[in-house]
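For any residue, its number in the working numbering is found by taking its place in the sequence shown, counting from 1, and adding 1.
Since the hints were derived computationally from the structure, they do not count as laboratory data.
Being a predicted model, the structure only gives us computed values, none of them experimental.
Errors might be hidden in some of the hints.
[What the hints assert, rightly or not] Each computed DSBU-like pair below joins lysine-lysine, with the alpha-carbon atoms no more than 30 Å apart:
#: 1; residue 1: Lys-46; residue 2: Lys-4
#: 2; residue 1: Lys-4; residue 2: Lys-53
#: 3; residue 1: Lys-27; residue 2: Lys-53
#: 4; residue 1: Lys-46; residue 2: Lys-27
#: 5; residue 1: Lys-4; residue 2: Lys-26
#: 6; residue 1: Lys-46; residue 2: Lys-26
#: 7; residue 1: Lys-27; residue 2: Lys-4
#: 8; residue 1: Lys-53; residue 2: Lys-26
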Amino acid sequence: MLKALIQTVTPFQQNASIIFCDETKKCAIVDPGGDIEILLQTAQKNNLLPEKILLTHGHIDHAGGATEIAEILNVERHGPNINAKSLLDQLHNQRALLR
2 MLKALIQTVT PFQQNASIIF CDETKKCAIV DPGGDIEILL QTAQKNNLLP
52 EKILLTHGHI DHAGGATEIA EILNVERHGP NINAKSLLDQ LHNQRALLR
């Protein structure tokens, strides 16, 4: 059975989700906008095995931590639509403004 954990992240207070199979414990982290340490701790605390990062769109509050968490976990990032490429290309610069 698929289940979801919802975690509020970033100063924007947006929700990131961890969708997982209750049986296998394999999961996908959806829209990791930031606060990746919290998302990683949530997955670990629940004995989940991250397999991929899913992005619904390219805004910083949903995609800001996607590249970093994908690199840490050594998993692929999927999405969003190719039309969001220009937004994704600017994430590094946008994150620097928030620090």
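These are the hints, each one checked on the structure:
At most 30 Å may separate the alpha-carbon atoms for a hinted pair to count; Lys-46 and Lys-4 meet this at roughly 15 Å. Annotation: proposed proximity of Lys-4 to Lys-53 holds, straight-line Cα distance about 16 Å (limit 30 Å). As the CA atoms of Lys-27 and Lys-53 are separated by approximately 9 Å, the hinted pair is consistent with the 30 Å bound. For the hint linking Lys-46 to Lys-27, the alpha-carbon distance of about 14 Å falls within 30 Å, and the restraint holds.
The straight-line distance between the Cα atoms of Lys-4 and Lys-26 is roughly 10 Å, inside the 30 Å bound, and the hint therefore holds. The straight-line distance between the Cα atoms of Lys-46 and Lys-26 is roughly 12 Å, inside the 30 Å bound, and the hint therefore holds. This hinted pair checks out: Lys-27 and Lys-4 have alpha carbons roughly 11 Å apart, not beyond 30 Å. The straight-line distance between the Cα atoms of Lys-53 and Lys-26 is roughly 13 Å, inside the 30 Å bound, and the hint therefore holds.
The structure agrees with every numbered hint stated previously.
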